[in-house]
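*Asks:* Chains as they are written, first to last, in this note's numbering: chain H, 1 to 260; chain A, 1 to 342.
I should point out that these hints are in silico values taken from the structure, not numbers from a laboratory.
From the three backbone atoms N, C-alpha and C, an ideal C-beta is built for every residue, glycine too.
Heads up, a few of these hints could be off.
Chain H stretches covered by chain A per the calculated footprint, using a threshold of three residues with CB under 8 Å from any CB of chain A [as the list claims (entries may be wrong)]: (1) 63-76; (2) 84-91; (3) 125-134; (4) 143-152.
Far from chain H, by Cβ distances over 12 Å, these chain A residues were calculated [unchecked claim]: (5) Phe153; (6) Leu178; (7) Ser185; (8) Leu200; (9) Val279; (10) Ile288; (11) Phe290.
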Amino acid sequence: MADHPLLKISNLTKRFGGLAAVNDVSVTFEAGKINAIIGPNGAGKTTFFNLVAGAMPPSDGSIEFQGMDVTGMSPDRIARLGIARTFQTTMLFEQSTVLDNLIVGHRLRTQSRLWDVIINSKRLRDEEKKCRARAAEVLDFVGLSHLANRFILDISQEERKRVAFALAMATDPELVLLDEPAGGINPEETENLASLIRKMVQHGISVCLIEHKMDMIMSLADKIMVLDHGEKIAEGTPEQIKNDPVVIEAYLGSDEDVEA
Amino acid sequence: MDRVMNFLASPAMKIVLLAAGILFPLVASSEYQIYVMALAFVWAIAVYGLNIITGYCGQLNLAHGGFFAIGAYAVGLLTVDYGWPFWPAFIAAGVIGAVLGFLVGIVSLRLKEHYFAIFTLCVGFIIYLLIEKWEELTHGTLGVISIAPPEGFGLVDFTETIPFYYLVLFFLVLAIWLISRISRSLVGRTFLAIRISDDLAQSLGINLMRNKVLAFVLSTTYAGLAGALLAGVVRFIGPDLAEITHTFDVITYLLVGGIGTLMGPLVGTLLITWITQAVQSFEEYRMIVFGPLLVVLVIFMPRGIVGTFLTWRGRRLASKAPAKQSASRVENKNSEEAGTHG
Numbered sequence: 001m002a003d004h005p006l007l008k009i010s011n012l013t014k015r016f017g018g019l020a021a022v023n024d025v026s027v028t029f030e031a032g033k034i035n036a037i038i039g040p041n042g043a044g045k046t047t048f049f050n051l052v053a054g055a056m057p058p059s060d061g062s063i064e065f066q067g068m069d070v071t072g073m074s075p076d077r078i079a080r081l082g083i084a085r086t087f088q089t090t091m092l093f094e095q096s097t098v099l100d101n102l103i104v105g106h107r108l109r110t111q112s113r114l115w116d117v118i119i120n121s122k123r124l125r126d127e128e129k130k131c132r133a134r135a136a137e138v139l140d141f142v143g144l145s146h147l148a149n150r151f152i153l154d155i156s157q158e159e160r161k162r163v164a165f166a167l168a169m170a171t172d173p174e175l176v177l178l179d180e181p182a183g184g185i186n187p188e189e190t191e192n193l194a195s196l197i198r199k200m201v202q203h204g205i206s207v208c209l210i211e212h213k214m215d216m217i218m219s220l221a222d223k224i225m226v227l228d229h230g231e232k233i234a235e236g237t238p239e240q241i242k243n244d245p246v247v248i249e250a251y252l253g254s255d256e257d258v259e260a
Numbered sequence: 001m002d003r004v005m006n007f008l009a010s011p012a013m014k015i016v017l018l019a020a021g022i023l024f025p026l027v028a029s030s031e032y033q034i035y036v037m038a039l040a041f042v043w044a045i046a047v048y049g050l051n052i053i054t055g056y057c058g059q060l061n062l063a064h065g066g067f068f069a070i071g072a073y074a075v076g077l078l079t080v081d082y083g084w085p086f087w088p089a090f091i092a093a094g095v096i097g098a099v100l101g102f103l104v105g106i107v108s109l110r111l112k113e114h115y116f117a118i119f120t121l122c123v124g125f126i127i128y129l130l131i132e133k134w135e136e137l138t139h140g141t142l143g144v145i146s147i148a149p150p151e152g153f154g155l156v157d158f159t160e161t162i163p164f165y166y167l168v169l170f171f172l173v174l175a176i177w178l179i180s181r182i183s184r185s186l187v188g189r190t191f192l193a194i195r196i197s198d199d200l201a202q203s204l205g206i207n208l209m210r211n212k213v214l215a216f217v218l219s220t221t222y223a224g225l226a227g228a229l230l231a232g233v234v235r236f237i238g239p240d241l242a243e244i245t246h247t248f249d250v251i252t253y254l255l256v257g258g259i260g261t262l263m264g265p266l267v268g269t270l271l272i273t274w275i276t277q278a279v280q281s282f283e284e285y286r287m288i289v290f291g292p293l294l295v296v297l298v299i300f301m302p303r304g305i306v307g308t309f310l311t312w313r314g315r316r317l318a319s320k321a322p323a324k325q326s327a328s329r330v331e332n333k334n335s336e337e338a339g340t341h342g
């Protein structure tokens, strides 16, 4: 396993009719690193995530995860292999507690079926205990143990983001894909989320994120890939990206939406 | 106030409800009331079925009434035309409900959201047409008469209202018990994740098709068995049983009581059944009462009576509990678990 990169993308392409949302992108992400994908709106960043997570099959190219070809696999299988993700809009069950939302996160590591439920088997009881423990653990990891019994309705946007992180963590992933984790939250909270992302990496989870907040990306990422019109126009360290004239032209220089 | 609320949500409440169910025939003023209650219980079982696929799993199934009718017709035709006793026919109704549910499920659940609802609406209508037009099998518009009542094996006579009431009560309790198990379990949580979003559920490693089909088959089995019980109590059924209005009745019960809650189906069904009885004298004008009531309810209580209550109480408890205390509790648990893992 050590010989294989965490994620090896080769010539990845996704066409919607005549439009290539992702066009011939090849990139390698190493384990234990924070990888960022940036690019103007409509550059194909989320499509790229959807392809990696299996939410849609690519038109062309291949995706290797830890040396295994996962191209075209269903998203639930990919999740079981160890790729978790969060979404741009945080999806949680509002009329339920934080802890209750997290218990299902570990479901993919359990085996219980309907029959176990009917006879209330030992396997089911053990697995429910395990899921509950894992939920409490990840909640503690994201620093929200004190909100375990709060309803999702009653917690802040940033706290919801953390719950979404925790839910992804509960699946025991190797790699977490974060789609705009800092969208819609204030600068101070953004800094807190950045620390949380660093903490995830320290605990052996590799991260790949899409983000628009440049400050956050530049201080957080080990490696940045820049997409524009579905194509990779640059990759490198934050330092290299900052000084890349192509990037400045395509993104930093021309896009008014960039938040300073 | 809080005490009342806590009691309503406590396990003791279940015993009170069960006792009320058992004692009802003793306090009912007429046999008719017992009969109405027994019918309401039959419908409640069907509503519990819909709650699995629509309430917990989030897929609006508009063929539910059709599966209910299939269960009723299974018992009707097997007992009348093929001379089966009631109980084997009853089991067959459940099996037929499950098998047809599986076949319809693996096709229809490929569709999402309103496409699924529209598809199942059509399935429901096809079931209605089949029952009405396939005269050789179903007797067409004549319906099925003189359906065999459940055999009492010389102990009880289920053609009497009171024994039948207890029989239906038994099945209702069984139905609720099974749902309470499922909804609290990992299987129920899996359904809930699908209800939040297909994409989220899949990203959590949940196999959508397998779980949706499971929820669908469970719900059609419930519908089939409820229909079978109806055939056993009414003992006359016609194709109107498969009309879409019954599906919408069931949906109304579910919405009023509380979609996706354990006690919602029972509360909704009983409430509407008895309100309907109370305004019986208004005849067709009773919809003037129902219409506005339903609109108000859907606007102000989208999660129904039970859902609104549970959310209100849960939030209240959470805000009252000192934050520090709950934090330390979880941390303690963590350190314990860390200890056992290490």
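*Asks:* With 12 Å as the threshold, tell me whether Phe290 (chain A) passes as away from chain H on beta-carbon distances.
*Replies:* Phe290 (chain A) clear of chain H: closest Cβ-Cβ about 26 Å, beyond 12 Å.
*Asks:* For the segment 143-152 of chain H, does the count of residues with a C-beta closer than 8 Å to a C-beta of chain A reach 3?
*Replies:* holds (count 7)
*Asks:* Taking the closest pair, is the beta carbon of Ile288 (chain A) still more than 12 Å from chain H?
*Replies:* 32 Å, holds
*Asks:* Classify the label on Leu200 (chain A) as holds or violated, using whether its beta-carbon is more than 12 Å from each beta-carbon of chain H.
*Replies:* 5 Å, violated
*Asks:* Checking the smallest CB distance to chain H, is Leu178 (chain A) really beyond 12 Å?
*Replies:* Incorrect as stated: the minimum Cβ-Cβ distance to chain H is 7 Å, not above 12 Å.
*Asks:* For the segment 84-91 of chain H, do at least 3 residues have a Cβ located nearer than 8 Å to some Cβ of chain A?
*Replies:* That given contact holds, which follows from 4 residues of the segment 84-91 of chain H lying within Cβ reach (below 8 Å) of chain A.
*Asks:* Take a quick look at Val279 (chain A) and tell me if its Cβ sits farther than 12 Å from every Cβ on chain H, holds or violated.
*Replies:* 31 Å, holds
*Asks:* Verify this for me: three or more residues of the segment 125-134 of chain H with a beta carbon less than 8 Å from a beta carbon of chain A.
*Replies:* Per the Cβ count (4), the hint holds.
*Asks:* Residue count check for the segment 63-76 of chain H against chain A: does it reach three with CB-CB under 8 Å?
*Replies:* holds (count 3)
*Asks:* Taking C-beta pairs only, is Phe153 (chain A) more than 12 Å away from all of chain H?
*Replies:* With a cut-off of 12 Å, Phe153 (chain A) remains clear of chain H, as the shortest Cβ separation is near 26 Å.
*Asks:* Would the least Cβ to Cβ distance between Ser185 (chain A) and chain H come out above 12 Å?
*Replies:* 4 Å, violated
Checked against the numbered hints given earlier, the structure breaks hints 6, 7, 8 and satisfies all the rest.
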